[in-house]
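Protein sequence lines, in the order shown, are assigned to chains C and U. When we follow my numbering, the leftmost residue of the first sequence carries the number 41, and every step to the right adds one. When we follow my numbering, the leftmost residue of the second sequence carries the number 11, and every step to the right adds one.
FYI, nobody ran anything at the bench for these hints, they're computed from the structure. Idealized CB from N, CA, C, for every residue including glycine. There may be inaccurate statements among the hints.
Claimed, not checked - Quick look at which bits of chain C chain U covers, simulated, 3 or more residues with Cβ under 8 Å:
#1 91 to 104
#2 137 to 147
#3 154 to 164
What the hints assert, rightly or not - The calculated label-pair distances, taken between Cβ atoms and stated as ranges, are:
#4 C:135 x U:352: 33 to 43 Å
#5 U:170 x C:74: 41 to 51 Å
#6 C:184 x U:351: 38 to 48 Å
#7 C:243 x U:111: 36 to 46 Å
#8 C:65 x U:266: 54 to 64 Å
#9 C:135 x U:300: 16 to 26 Å
#10 C:226 x U:102: 41 to 51 Å
#11 U:288 x C:266: 48 to 58 Å
#12 U:111 x C:131: 52 to 62 Å
#13 C:234 x U:369: 57 to 67 Å
Said to hold, decoys possible - Below, in silico cross-link-like pairs of lysine-lysine (BS3-like), each with a Cα-Cα straight-line distance of 30 Å or less:
#14 U:49 x C:65
#15 C:121 x C:222
#16 C:118 x U:194
#17 U:194 x C:121
#18 U:306 x U:382
#19 U:345 x U:297
#20 U:307 x U:297
#21 C:96 x C:77
#22 U:376 x U:295
#23 C:96 x U:49
#24 U:141 x U:105
#25 U:105 x C:65
#26 U:194 x C:114
#27 U:105 x C:96
#28 C:77 x C:222
#29 U:105 x U:75
#30 U:194 x C:96
#31 U:194 x C:65
#32 U:345 x U:375
#33 C:279 x C:121
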Amino acid sequence: MSGRGENPVAPAIRVTDLTVAYGDKTVLWDIDLEIPKGSMVAVVGPNGAGKTTLIKSIQGLLPRVAGVISIHGKSYEKQRKEVSYVPQRGSVDWDFPTSVVDTVKMGSYGDLGWIRRPGRKEHEKALGALEKVDMLEFAQRQISQLSGGQQQRVFLARALVQSASVYLLDEPFQGVDATTEKAIVTILKELVGGGKTVLAVHHDLNTVSEYYERIAILNVGLVASGRVEDVFNSENLMKAYGGKTSFFPERKAAKRAV
Amino acid sequence: MLEFAVELFSDYTARTILLGAASLGVVSGVVGSYAVLRKQSLVGDVMSHAALPGIVLAFMIVGVKEQLPIFIGAALSAVLAVFVINLVTRNSRVKTDSAMGIALSVFFGLGLVLLTYVQRMPDANQAGLDKFLFGQAEALVEKDVLIIGLTGFFALLVVGLFWKEFKLLCFDPDFGGTMGFSMKSLDILVTAVIVSAIVIGLQTVGVVLMSSMLIAPAVAARQWTGTMGSMVILAAIIAAVSGVTGVALSAGFENVPTGPAVIVCVSVIAFFSVLFSPNGFFTLKLKDARSRREIKKDYVLKALHDLALEHDDPGYAHSERLLALGSEKGFSVKKSLWALRTAGYVESVGEDNWRLTQSGIREVKKLSPLEKDL
Numbered sequence: 041m042s043g044r045g046e047n048p049v050a051p052a053i054r055v056t057d058l059t060v061a062y063g064d065k066t067v068l069w070d071i072d073l074e075i076p077k078g079s080m081v082a083v084v085g086p087n088g089a090g091k092t093t094l095i096k097s098i099q100g101l102l103p104r105v106a107g108v109i110s111i112h113g114k115s116y117e118k119q120r121k122e123v124s125y126v127p128q129r130g131s132v133d134w135d136f137p138t139s140v141v142d143t144v145k146m147g148s149y150g151d152l153g154w155i156r157r158p159g160r161k162e163h164e165k166a167l168g169a170l171e172k173v174d175m176l177e178f179a180q181r182q183i184s185q186l187s188g189g190q191q192q193r194v195f196l197a198r199a200l201v202q203s204a205s206v207y208l209l210d211e212p213f214q215g216v217d218a219t220t221e222k223a224i225v226t227i228l229k230e231l232v233g234g235g236k237t238v239l240a241v242h243h244d245l246n247t248v249s250e251y252y253e254r255i256a257i258l259n260v261g262l263v264a265s266g267r268v269e270d271v272f273n274s275e276n277l278m279k280a281y282g283g284k285t286s287f288f289p290e291r292k293a294a295k296r297a298v
Numbered sequence: 011m012l013e014f015a016v017e018l019f020s021d022y023t024a025r026t027i028l029l030g031a032a033s034l035g036v037v038s039g040v041v042g043s044y045a046v047l048r049k050q051s052l053v054g055d056v057m058s059h060a061a062l063p064g065i066v067l068a069f070m071i072v073g074v075k076e077q078l079p080i081f082i083g084a085a086l087s088a089v090l091a092v093f094v095i096n097l098v099t100r101n102s103r104v105k106t107d108s109a110m111g112i113a114l115s116v117f118f119g120l121g122l123v124l125l126t127y128v129q130r131m132p133d134a135n136q137a138g139l140d141k142f143l144f145g146q147a148e149a150l151v152e153k154d155v156l157i158i159g160l161t162g163f164f165a166l167l168v169v170g171l172f173w174k175e176f177k178l179l180c181f182d183p184d185f186g187g188t189m190g191f192s193m194k195s196l197d198i199l200v201t202a203v204i205v206s207a208i209v210i211g212l213q214t215v216g217v218v219l220m221s222s223m224l225i226a227p228a229v230a231a232r233q234w235t236g237t238m239g240s241m242v243i244l245a246a247i248i249a250a251v252s253g254v255t256g257v258a259l260s261a262g263f264e265n266v267p268t269g270p271a272v273i274v275c276v277s278v279i280a281f282f283s284v285l286f287s288p289n290g291f292f293t294l295k296l297k298d299a300r301s302r303r304e305i306k307k308d309y310v311l312k313a314l315h316d317l318a319l320e321h322d323d324p325g326y327a328h329s330e331r332l333l334a335l336g337s338e339k340g341f342s343v344k345k346s347l348w349a350l351r352t353a354g355y356v357e358s359v360g361e362d363n364w365r366l367t368q369s370g371i372r373e374v375k376k377l378s379p380l381e382k383d384l
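With the hints as constraints, model all of the structure from the sequences given.
This is the structure we're talking about:
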């Protein structure tokens, strides 16, 4: 199935010369990145490397000093509906007075446009997405009563409702239980299997090879990007993390071989 | 009291005033919910205080106490205060709370200075300008109520139209932004709606206490409800009831300004809600105490079971003192034993000895299925 505005040859995401600064602090420096269609990509890097900033500025949420973003060959502004966003779970107030199903419904607001309210169709769609993340029984629950893993599932369901072709996730596995992590990975892999593109900020270097095909290693500048087996090595990680990581992919691979 | 109420509602002037107070309540309850949900309660406080210099300046320019110029002046200086806060926080290292504190005191201070100055003028026109401090609903005439109603209607219309957009703005503005909604425009719209609620509350409640009229009903409503829709409606009802009650109080007693009377009503409701709602302070404490009692009971039951096991005799009775020994200090075993006896799980033998009943043994088995059989 081809999405609404997909150009078959252009990469799903193309970032050219992206530079972002807060005040006099450069957060992202001259990033060039191409994410091929149908791939599952991890964005890794130390704290303050600009991972969240990258996700946000791809979507025009932050002013950029320079840079061009294109989604399937067209500018992001024209391709908004092709992009789903799962923000960091901690970025919102989970005490907000609303139910799980109403939160998921927010994913349909973009298609509805200004003023029009969600109706029966949007409700069904939200329930469908909740079923997918195995949260259907919680549909009427207050979001304040959810556990961390459940919150993350609700956020993913909200993104699924957007029925986009590119998924941007900011630390989807942050503080969730092992079952939820597995469930989310399964859903993301399904999406990729269906030709969608997934870009996720990821923290746990141990699971990179297991979950992702491609990786972008970031530390203000782009250290490396490409297939996990090609660029996910200690040399690149040293460049990004300095001496602050004890994780060496080669050692792990060797262990697995034994 | 009833006579007083009948008189109040049958009198034309009184009806006008009450209608004004009720409409103001509905609008400030609805609009205030947004201030609270966006965690901008204090911005409402700053804006209402900051309206004062605008009111006085408008009067100084026009020369008469005309409504429209005063409303415009109030709105402009309230908005200017928000602008100053944003300017300061963006361009200096001053944090938002400090910036708000500064803006509030500077604007309100300036307003008081101007007010004092104007009141010393030999002219009589300015009389009653100080009523904007604490409000005077008695002075409301039909025209005022009409303006309150119209402005309020437009504020509610905006809230109704942009219901889902405002929800995004309050809950997850970044996400809303990615879907193409301009969060900046929505932010301006919400601020405009809040300012209009403040402006129409000036005469009735006054600049000093108007912020409570925005915040308290929303806070009270939040305690009882779990969805935004019900919260907004309940806040409107609470604020309207408080408005009417406050106005009636101030009419019934001499020298009670309306603003404080209304705010006392709404604060009582807010206070009660925070303490006694299903998630309130006392309700949670009560639940806590109940579950602690249950745990204690189970503990004592289990202890009796353990002792009986040691003696290998289900009917072996132990003194309360012995049971208390095995537990921490201040742990009252007596109450738990009484409760267990009422439940039929234990019985007393002789003066101070206790033992499990058959149903008590079954209960232990139910609580911890892995327990050894007696």
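(request) Would you check the hint for residue 194 of chain U and residue 96 of chain C, treating anything up to 30 Å between C-alpha atoms as holding? (result) holds, 16 Å
(request) Using the Cβ atoms, figure out if residue 226 of chain C sits within 41 to 51 Å of residue 102 of chain U. (result) Check passed, 49 Å falls within 41 to 51 Å.
(message) For the hint 41 to 51 Å, verify it against the beta carbon of residue 170 of chain U and that of residue 74 of chain C.
(response) holds, 45 Å
(request) Given the range 16 to 26 Å, decide if the beta-carbon distance of residue 135 of chain C to residue 300 of chain U lies inside it. (result) holds, 24 Å
(request) Can you let me know if the beta-carbon spacing of residue 243 of chain C and residue 111 of chain U is within 36 to 46 Å? (result) holds, 38 Å
(request) Evaluate the given range 38 to 48 Å for the C-beta pair formed by residue 184 of chain C and residue 351 of chain U. (result) holds, 40 Å
(request) Given the hint that residue 376 of chain U pairs with residue 295 of chain U, test it: the Cα-Cα distance must not exceed 30 Å. (result) This hinted pair holds, its Cα atoms lying about 28 Å apart.
(request) Look at the Cβ atoms of residue 288 of chain U and residue 266 of chain C and judge whether their distance stays inside 48 to 58 Å. (result) holds, 55 Å
(request) Note whether the CB distance of residue 111 of chain U and residue 131 of chain C lies within 52 to 62 Å or breaks it. (result) violated, 27 Å
(message) Does residue 114 of chain C sit within 30 Å of residue 194 of chain U, going by the straight-line distance between their CA atoms?
(response) Distance of about 25 Å is within 30 Å: holds.
(request) Take a look at whether the Cβ-Cβ distance between residue 135 of chain C and residue 352 of chain U falls inside 33 to 43 Å. (result) The hint (33 to 43 Å, Cβ to Cβ) holds, given that residue 135 of chain C and residue 352 of chain U are roughly 39 Å apart.
(request) Quick one: see if chain U covers the stretch 91 to 104 of chain C, three-plus residues with Cβ-Cβ under 8 Å. (result) Held - the stretch 91 to 104 of chain C has 4 residues with a Cβ nearer than 8 Å to chain U, which meets the minimum of three.
Checked against the numbered hints above, the structure violates hints 12, 24, 29, 33; every other hint is satisfied.
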